[in-house]
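K.L.:
Here is how the chains run, residue by residue.
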Amino acid sequence: MIKETAQPQAASEEPRIGVYICRCGGNISDVVDVEAVATAMQGVAGVVAAKVNTFMCSDPGQALIAEDIRNERLNRVVVASCSPFLHELTFRTAVNRGGLNPYLYEHVNIREQGSWAHHSDPAGATSKALRMISAAVGKLRHAEPLDRIRLSNNRQALVLGGGIAGLKAAAELAGKGIPVILVESSSSLGGRVASLNEVYPTETDASDLVKKLAAQVMNHPLVRVYSQARLAALSGFLGNFDITIAVEPKAEAGPAPGVPLPKPAKAEEVRAAVGAVIIATGFDPYAPRDGEFGHGGPQVTTLPEFIRELRGRRNGELQWNGRPVRSVGFLHCVGSRQIEGVHAPQADGKVNDYCSRTCCTAILQQALDVKRRFPQVNVYDFHQDIRTYGRGHEDYYRNASTAGVVFLRYHGDEPPAVGPGTNGASLTVRVKDWLTFGEEVDVPLDLLVLGVGMMPRNIRDLIELMKLPVGADRFLQEVHPKLRPVEVSVNGVLLAGTAQGPMNIEETLAAASAAASKASILLGRESVELDPFVAEVDADQCIGCERCFPECAYTGALVAEAATVNGQAVKKARVNPGLCVGCGACVAVCPTRAIDLKGWTLSQFDAMVDGLVAGVPGVELKGREHARQTH
Amino acid sequence: MASSFEPKILVLATVACAYPGADAVGKAHLEYPANISVFRVPSPVLFPEDFYLRSYARGVDGIIIAACGSDCPYHNAYPKLAARIDALVKKMKTGGLEIERMRITAICTVCIKAFLKEVNEMDQRLRKIGPVNRDTAAKLWEDSRRGMCAGLNLPAIRRPEPVPVFA
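Just so you know, the protein sequences line up as chains V and F, in that order. Going by my numbering, the residue at position 546 of the first sequence is 546; the numbering climbs one at a time, nothing skipped. Going by my numbering, the residue at position 162 of the second sequence is 162; the numbering climbs one at a time, nothing skipped.
No wet-lab data here; the hints were simulated from the structure. Hints are not guaranteed to be accurate.
[Said to hold, decoys possible] Once the Cα atoms are required to be at most 16 angstroms apart in a straight line, the calculated EDC-like pairs of lysine to aspartate or glutamate come out as:
| hint | chain 1 | residue 1 | chain 2 | residue 2 |
| --- | --- | --- | --- | --- |
| 1 | V | Lys482 | F | Asp135 |
| 2 | V | Lys467 | F | Asp143 |
| 3 | F | Lys80 | V | Glu551 |
[What the hints assert, rightly or not] What the simulated footprint calls covered on chain V by chain F, stretch by stretch (three residues with Cβ under 8 angstroms from a Cβ of chain F suffice, anywhere in the stretch; the number is not a length):
| hint | region |
| --- | --- |
| 4 | 92-99 |
| 5 | 345-354 |
| 6 | 467-480 |
| 7 | 533-547 |
| 8 | 576-584 |
| 9 | 606-612 |
[As the list claims (entries may be wrong)] One side of the interface only, derived from the structure: several residues of chain V facing chain F at Cβ under 8 angstroms:
| hint | residue |
| --- | --- |
| 10 | Asn71 |
| 11 | Pro84 |
| 12 | Arg111 |
| 13 | Ser120 |
| 14 | Asn378 |
| 15 | Pro485 |
| 16 | Ala510 |
| 17 | Ser513 |
| 18 | Ala514 |
| 19 | Ser517 |
| 20 | Ser520 |
| 21 | Ile521 |
| 22 | Val587 |
| 23 | Leu602 |
Ideal Cβ placement from N, Cα and C applies to all residues, glycine included.
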């Protein structure tokens, strides 16, 4: 029977393991009996030192590890402390300072997933800490020193999209001395912002903003702009992307808003090599279905259309389709914050359950603008909630109230109904108004403006081509919303702006700057370094069954190499470490366990399971008797 | 089943979603039983089914795969994982291992309630059905290894050398 873990292969030397247990100033040691855990670990074969320290992350704590590596000739180190998200890197670096490979280190979380989660069960928390440290010791027995992956670097960036996000990113990269290829699908720069008038909260003219950014890009010798172009092909990896840009001149109906680009002379394909890609493909405004809140009728429009139509109309009478407008209504959350069963699903069967974030302030800005320019017009605002969350945005809400905009509040599951008008009005909005405790109100209007939200653009080709991760909301998804907010799981690919989700102009420009900074860090080096946690094939163990190839979703990550096994011609697998993302899909199907993820091998996981269930045989820990119940 | 039985529950939590989700529970100082332990994994799609069966054979009473679901950062990994676990659960069912011992779910970085619900439910279920039958699991493990190597003209399954982990 399989009862124990496999012998570590090619164990370079007998393990001499150091175990360090952090009190975290009481955060851990008030619950976990850290001294008892250390004593128990001292009895484990291969553990040379097991020590307790009040703050392992402090300078003296880190110095202790480095000293012990030198004095006790440690060749493996475990620190049991807080979550690895806080200090795994700290201790890898400390271990490295001591002269040991940083990947011969294991981090055990006994705070977030120990003392804090089990504070009324000190015995349980202590026993769990011991078992988790045993698991880490087991994993380390199978650890091998790993080298970070080093790749050459094409110090040039590709920016997809010539809206404000793409322009900002391109301008910043070029300013840093990094050449940029900017690909824009239309024949002008400026994107969605080019169609706006004054933009909140600064009330600056959107076209000035676009012109400024476009000038920075177009006048920069390091930026090459391709108009009416798209990314046709991409292969390679961080620092080494080979790209093909297809330039496809086509006739466009009328001049596009924004800063016009020279029309390409002919269709062509341009090949280039870049080190990083910034995706700034933007959003589409939500397009209401025919009949959705009266859409399609002459006196119903969307917010972007309304803004466009009002450009330049400064004074006089507000008219729409030739009819004087005495009453205008703005309806929030059209295509946003939808509820299953209440709203009709989108083409893919899902509802848009997210908030589009920008519409509330944009609507209030327009409502206020109407009140100021056409004071005789009645303005109604139909909302679920008002989310004027940014600096200066609340002023629009306050000023709109003062200016006499009438607010009516509906519940998300009872959206207003749009019907025909009476007494000369074009239409009637019937709303159950919760500001008057559920009174049903009929509001006669001459114009209804639908506050449409943002939709992810149809960039399916790009998603397929680059293997981009898509969130439940169908926008592109970052690795981590807080820790790695502009990176995606594909190394060297960064997100700028609303391709990632609804953002306003300020947020879009901030994201674009972040993406440019991140790209300039990646491209600032002679070579690129990656974490070593990718798949690796042991060619001796590989029998050429080829089961792994169809599992791999990343083109070029698993390379087939001709070989001979038992006199038969087969294809063995080899991993291209620059293209492998380390998901491990191939690992699971290998019959001989020839493939493993470096740093996360199956033998290591087996050993962790063994350590977890066994703990330290013969040791039962009771835990602190007088643990504090709260912190 | 005696109420003193403490099931050993292993949560395989993804680096991108469920592991920070489990951290969030601790950060909120919310509690769950200490017999529940979390391993951090890049993506559980890397585990062959024999890993799970071996874990049961070693005495793990229940496994929760806490994945990213539709938020998975790896292309196509989640559907693949789901299909693999589906196949494993079928084998457990026919092989006489309670399928309640395996649970696959998605836990996001802030899904505190979902995490607590999953681990508590697993704990309560296992306290009712009792410890894992390690021999049944070991037999399933062997069948699984044999099935994986079938038709490949491989030498007999190489069993790992029994080496005591903690002497």
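K.L.:
Answer holds if the nearest beta-carbon of chain F is closer than 8 angstroms to that of V/Ser120; otherwise answer violated.
P.N.:
holds, 6 angstroms
K.L.:
Is the shortest C-beta separation between V/Ala514 and chain F less than 8 angstroms?
P.N.:
Constraint on V/Ala514 not satisfied, violated at 18 angstroms.
K.L.:
Taking a Cβ-Cβ distance under 8 angstroms as contact, does the region 606-612 of chain V have three or more residues in contact with chain F?
P.N.:
holds (count 7)
K.L.:
Are V/Ser520 and chain F close enough, Cβ to Cβ, to be under 8 angstroms, as the hint says?
P.N.:
For V/Ser520, the interface hint is violated, since the closest Cβ of chain F sits about 23 angstroms away, which is over 8 angstroms.
K.L.:
Hey, does the V/Pro84 contact hint survive, CB to chain F under 8 angstroms?
P.N.:
Given a least distance of 7 angstroms, the restraint on V/Pro84 holds.
K.L.:
Restraint: V/Asn378 near chain F, CB-CB cut 8 angstroms. Satisfied or not?
P.N.:
violated, 43 angstroms
K.L.:
Min Cβ distance, V/Ser513 to chain F: is it shorter than 8 angstroms?
P.N.:
violated, 23 angstroms
K.L.:
Would you check whether V/Ile521 satisfies its interface hint, that is, whether its CB is within less than 8 angstroms of any CB in chain F?
P.N.:
violated, 20 angstroms
K.L.:
Closer than 8 angstroms between Cβ atoms is the bar; does V/Arg111 clear it against chain F? Give me holds or violated.
P.N.:
Since the shortest Cβ distance to chain F is 7 angstroms, the answer is holds.
K.L.:
Verify the coverage statement for the region 576-584 of chain V against chain F, using a C-beta to C-beta distance below 8 angstroms and requiring 3 or more qualifying residues.
P.N.:
Coverage by chain F holds here, the residue count being 4 at a Cβ distance below 8 angstroms.
K.L.:
Okay, the region 533-547 of chain V and chain F, do three or more residues pass the C-beta test at under 8 angstroms?
P.N.:
holds (count 3)
K.L.:
Is V/Lys467 within 16 angstroms of F/Asp143, Cα to Cα?
P.N.:
violated, 36 angstroms
Hints 1, 2, 4, 5, 10, 14, 15, 16, 17, 18, 19, 20, 21 from the earlier list are contradicted by this structure; the remaining hints agree with it.
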